[in-house]
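Student: The chain contents come next:
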Amino acid sequence: MADVLKKVPVREQDPKVRATNFDEVCLGYNKEEAIEEATRCLHCKNAKCVQGCPVNINIPEFIAELKEGKIEEAYKVISQSSALPAICGRVCPQESQCEGKCIRGIKGEPVSIGKLERFTADWARENGIKPPAPETRNGRKVAVIGSGPSGLTCAGDLAKYGYDVTIFEALHEPGGVLVYGIPEFRLPKLDVVAKEVENVKSLGVKIETNVIIGKSVTIDELMDEEGFEAVFIGSGAGLPMFMGIPGETAKGVFSANEYLTRNNLMKAFRDDYDTPIVHGKKVAVVGGGNVAMDAARTALRLGAEVHIVYRRSEAELPARAEEVHHAKEEGIIFDLLTNPKEILVDENDNVAGIRCIRMELGEPDASGRRRPVEIPGSEFDIAVDTVIMSLGTSPNPLISSTTIGLDTNRRKCIIADEETGQTSKNGVFAGGDAVTGAATVILAMGAGKAAAKGIHEFLSAK
Amino acid sequence: MYRILKAGQLAGNIYEMVVEAPRVAKRCLPGQFVIVKMDEVGERIPLTICDYDREAGTITIVFQPVGASTEKFTQLRTGDAFRDFVGPLGQPSDLCLESELEETKKKKILFVAGGVGTAPVYPQVKWLHEHGVAADVIVGAKTKDLVILEDKFKAVSGNLYITTDDGSYGRSGMVTKVIDDLLTNEGKSYDHCVAIGPMIMMKFCCLTTKKYNLKTIVSMNPIMVDGTGMCGACRVMVGDEVKFACVDGPEFDGHLIDFDAAMRRQAMYKTEEGRKLLELREGRTHHGGCGNCGGDK
Ligand SMILES: Cc1cc2nc3c(=O)[nH]c(=O)nc-3n(C[C@H](O)[C@H](O)[C@H](O)COP(=O)(O)OP(=O)(O)OC[C@H]3O[C@@H](n4cnc5c(N)ncnc54)[C@H](O)[C@@H]3O)c2cc1C
Ligand SMILES: Cc1cc2nc3c(=O)[nH]c(=O)nc-3n(C[C@H](O)[C@H](O)[C@H](O)COP(=O)(O)OP(=O)(O)OC[C@H]3O[C@@H](n4cnc5c(N)ncnc54)[C@H](O)[C@@H]3O)c2cc1C
Ligand code: SF4
Ligand code: FES
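Protein chains in written order, with the working numbering: chain C, 3 to 464; chain H, 246 to 542.
I should point out that these hints are in silico values taken from the structure, not numbers from a laboratory. Note that CB positions come from ideal geometry on N, CA and C, so glycine has one too. Incorrect hints may have been included.
[To be verified] Computed footprint of chain C on chain H; a stretch qualifies when at least three of its residues, placed anywhere within it, have a C-beta under 8 Å from a C-beta of chain C:
| hint | region |
| --- | --- |
| 1 | 286-295 |
| 2 | 370-381 |
| 3 | 465-476 |
| 4 | 502-511 |
[Claimed, not checked] When the alpha-carbon atoms are kept at most 30 Å apart in a straight line, the in silico DSBU-like pairs for lysine-lysine are as follows:
| hint | chain 1 | residue 1 | chain 2 | residue 2 |
| --- | --- | --- | --- | --- |
| 5 | C | Lys283 | H | Lys488 |
| 6 | H | Lys251 | H | Lys353 |
| 7 | C | Lys283 | C | Lys208 |
| 8 | H | Lys399 | H | Lys387 |
| 9 | C | Lys427 | H | Lys456 |
| 10 | H | Lys317 | H | Lys351 |
| 11 | C | Lys78 | C | Lys50 |
| 12 | C | Lys109 | C | Lys132 |
| 13 | H | Lys271 | C | Lys208 |
| 14 | C | Lys33 | C | Lys78 |
| 15 | C | Lys269 | H | Lys448 |
| 16 | C | Lys50 | C | Lys18 |
| 17 | H | Lys271 | C | Lys143 |
| 18 | C | Lys414 | H | Lys317 |
| 19 | C | Lys203 | C | Lys162 |
| 20 | C | Lys284 | H | Lys387 |
| 21 | C | Lys33 | C | Lys455 |
| 22 | H | Lys317 | C | Lys269 |
| 23 | H | Lys399 | H | Lys352 |
| 24 | C | Lys414 | H | Lys271 |
| 25 | H | Lys317 | C | Lys191 |
| 26 | C | Lys162 | C | Lys427 |
| 27 | H | Lys271 | C | Lys203 |
| 28 | C | Lys343 | H | Lys455 |
[Said to hold, decoys possible] A short list of chain H residues far from chain C (calculated; beta carbon distances all over 12 Å):
| hint | residue |
| --- | --- |
| 29 | Leu255 |
| 30 | Tyr260 |
| 31 | Ala266 |
| 32 | Thr323 |
| 33 | Asp325 |
| 34 | Asp329 |
| 35 | Asp390 |
| 36 | Val401 |
| 37 | Leu405 |
| 38 | Lys455 |
| 39 | Cys479 |
| 40 | Val481 |
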């Protein structure tokens with residue numbers, strides 16, 4: 003009998019093997035494993051996990067269906083609250099959400115809720131189960147800007163309410179960060195993301211790629227000339243930040259966004275695609291979030307020795323626990339409590355190294371995390387040929403600067419009501435990273451859902 | 246898909262295409278650019294808008310094959326299509342804004358166009374002509390056969406000066422020599438200069454105009470990926486500020502640009518791209534041994 007205090011182990015590609023390919027790392031549960039794990043759930047009356055879930059999936063209920071082997075029923079329970087379960091099961095930070103609250107976790111390991119969600123969604127997809135198509139259509143036009151998780155969710159829900167929805171996407175492929183940011187080895191593009199996009203389309207949603215709102219057409223034109231009665235902005239937080247240290251424009255310094263976009267959206271890792279990517283031999287990735295882990299593990303797979311350079315300690319790493327664990331298994335070197343001061347270059351302006359300083363943790367700062375402070379005189383150099391900056395992102399001003407009457411805050415985020423998504427401009431709603439700054443897939447999805455309801459109420463009252 | 250309504254050659258290795266892209270054609274202004282992706286596996290290639298027809302909903306692009314992707318473009322014919330075509334991107338030229346027209350009318354303007362850069366200069370001169378401003382234009386090419394768009398320029402320019410490096414047509418010498426001649430020997434004076442062409446030509450134009458304290462705008466063409474401000478690949482140093490050419494540019498004050506740094510960045514993918522180009526030209530027959538492409542490694 004398995005140890006009931008422990009999760010049923012999930013099968014993964016061997017670290018040595020996966021370090022050289024872009025196939026998915028985690029292989030997920032099969033039916034037997036999923037049912038076994040489901041039996042670990044205590045079906046708490048006052049389930050804490052549900053409170054930890056940003057969209058309040060009825061977790062004990064879906065797990066109960068699963069335990070009975072009724073996977074389609076389990077899928078229906080999840081679908082009531084989440085539009086993208088195959089994605090969330092893979093990328094949500096479960097350890098700080100549902101699983102972080104699970105009663106089982108007090109003594110032993112929590113129920114592996116994320117892996118159960120993933121199994122349920124994958125099973126539904128493989129068995130051709132689709133969300134039911136809307137019964138009525140009212141023909142009223144709504145525009146959705148951006149095809150990331152917030153836009154896809156908002157569009158899907160609006161279509162279910164009966165609206166005629168068009169998504170406008172700036173890039174040539176829909177999916178937002180799910181296609182250009184998160185790598186194939188964590189989130190398969192063809193099997194998972196493209197299928198979720200297909201599901202949204204099967205509800206009658208149209209997707210027009212290669213349209214940059216604010217450049218190709220403005221929100222005011224969409225509403226005044228193209229007949230859209232409401233607009234949802236889900237344009238994400240796509241502007242990379244740099245540190246402003248010497249050497250940052252040298253050859254071999256990239257933003258994580260550029261590096262990941264080349265690899266994921268443009269598929270530079272495949273020989274049959276035209277876009278090039280620099281295959282560094284020794285790479286430093288600056289930062290400690292999911293984006294940094296993704297960039298580091300991509301560089302590793304392209305053949306590099308990779309260092310994560312992060313100014314706080316391991317406990318503060320903002321990345322998902324599973325990603326840090328995987329990165330370590332694959333051989334990524336963590337240089338913690340270390341901060342870059344300068345990027346060193348050779349006579350041709352190629353990156354030659356990175357000068358760092360050691361840090362220690364001082365008093366807590368406004369975020370509650372202990373503030374890193376430099377240890378004087380502790381500078382040292384790491385020899386690298388590539389530096390990837392992964393310091394966070396901020397929203398793109400293209401839309402806010404071209405839309406009359408759309409208010410933003412100090413951080414350039416669009417101001418929107420949390421309950422309805424309503425912005426300062428009549429008929430215009432917003433949600434996801436464009437409103438919150440860089441956050442998570444599930445929060446973006448939740449915001450898209452709330453805004454769809456907000457738009458429905460707004461248009462019903464009109 | 247974005248249909249190619251006309252594909253042709255302007256000169257030796259300079260290609261012109263008219264592409265159906267109504268959304269772009271409706272809003273674009275001179276100085277802006279598009280990003281073009283030929284097929285599923287293609288790169289995103291930035292190209293300046295060289296003309297537009299709002300009624301027909303078309304955009305004209307002009308390009309020179311310099312690498313694997315632009316080489317692939319040359320295989321396209323009338324009736325074919327690009328998979329992706331997005332724009333208009335970047336800021337319009339400061340000279341081509343209705344709101345600035347009164348100011349612009351007071352200026353004496355000189356355009357300096359080099360090589361394939363001649364094409365993106367055309368819509369600016371045309372726009373000014375249509376708004377009652379006659380600008381002088383210097384067009385430079387290596388040799389007679391590579392002079393492009395002469396008739397079109399004649400119709401919209403004030404004075405048109407054509408020069409060839411080898412003296413086979415028009416004046417003789419590089420565009421910088423013409424600038425010197427006009428300003429020192431021919432009694433011309435200008436308040437504003439726009440230089441567009443290869444990076445090296447823009448660099449020397451700026452060194453020349455600096456001597457005369459003539460403000461000079463250049464159009465930067467760094468490596469780009471998304472063209473929406475998302476990746477930072479296109480960053481250029483303008484003075485001591487980092488700018489993203491795709492959203493802040495592509496036109497900048499040339500006297501503030503560090504051209505040497507910009508040219509080094511542009512060559513970043515030289516070896517990786519060189520490999521792709523050889524593969525394309527020589528197909529599977531190329532398995533290394535040339536010592537250049539590293540195909541044997
Ligand atoms: C590398 C990386 C790894 C991550 N890992 C995780 C993870 O493991 N777990 C997790 O929960 N979260 C993760 N995140 C964060 C998560 O992906 C985002 O919070 C989420 O995608 C935000 O969704 P969104 O819909 O708001 O915006 P996005 O996904 O950013 O989508 C916005 C879309 O809008 C388009 N757009 C922008 N401007 C315009 C315009 N003017 N006109 C038309 N279209 C426009 C963009 O091209 C894009 O497609 C990660 C992010 C990155 C970058
Ligand atoms: C805003 C903008 C507007 C542009 N407008 C035009 C245009 O209207 N017409 C046009 O032909 N090109 C234009 N370019 C340049 C064009 O995008 C590049 O030539 C193209 O990306 C090269 O792609 P490739 O794969 O064919 O060549 P690559 O393989 O990327 O390049 C091959 C080699 O050519 C060099 N190279 C790259 N670009 C240039 C260049 N512009 N001039 C000289 N050498 C270069 C590279 O350093 C490299 O060594 C523009 C670029 C930008 C950023
Ligand atoms: S808290 Fe844990 S044990 Fe309780 S219902 Fe949720 S998953 Fe099951
Ligand atoms: S091309 Fe990506 S930011 Fe300019």
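Student: Take the hints in turn and mark each one as holding or not.
Tutor: Comparing the hints with the structure gives:
no. : hint                : result
1   : 286-295             : holds (count 4)
2   : 370-381             : violated (count 0)
3   : 465-476             : holds (count 6)
4   : 502-511             : holds (count 3)
5   : C:Lys283 / H:Lys488 : 28 Å, holds
6   : H:Lys251 / H:Lys353 : 35 Å, violated
7   : C:Lys283 / C:Lys208 : 43 Å, violated
8   : H:Lys399 / H:Lys387 : 20 Å, holds
9   : C:Lys427 / H:Lys456 : 51 Å, violated
10  : H:Lys317 / H:Lys351 : 44 Å, violated
11  : C:Lys78 / C:Lys50   : 21 Å, holds
12  : C:Lys109 / C:Lys132 : 38 Å, violated
13  : H:Lys271 / C:Lys208 : 22 Å, holds
14  : C:Lys33 / C:Lys78   : 17 Å, holds
15  : C:Lys269 / H:Lys448 : 34 Å, violated
16  : C:Lys50 / C:Lys18   : 38 Å, violated
17  : H:Lys271 / C:Lys143 : 22 Å, holds
18  : C:Lys414 / H:Lys317 : 40 Å, violated
19  : C:Lys203 / C:Lys162 : 11 Å, holds
20  : C:Lys284 / H:Lys387 : 43 Å, violated
21  : C:Lys33 / C:Lys455  : 35 Å, violated
22  : H:Lys317 / C:Lys269 : 18 Å, holds
23  : H:Lys399 / H:Lys352 : 20 Å, holds
24  : C:Lys414 / H:Lys271 : 29 Å, holds
25  : H:Lys317 / C:Lys191 : 26 Å, holds
26  : C:Lys162 / C:Lys427 : 25 Å, holds
27  : H:Lys271 / C:Lys203 : 28 Å, holds
28  : C:Lys343 / H:Lys455 : 35 Å, violated
29  : Leu255              : 25 Å, holds
30  : Tyr260              : 18 Å, holds
31  : Ala266              : 9 Å, violated
32  : Thr323              : 22 Å, holds
33  : Asp325              : 17 Å, holds
34  : Asp329              : 4 Å, violated
35  : Asp390              : 30 Å, holds
36  : Val401              : 26 Å, holds
37  : Leu405              : 32 Å, holds
38  : Lys455              : 22 Å, holds
39  : Cys479              : 9 Å, violated
40  : Val481              : 8 Å, violated
The structure is inconsistent with the numbered hints 2, 6, 7, 9, 10, 12, 15, 16, 18, 20, 21, 28, 31, 34, 39 and 40, although it conforms to all the rest.
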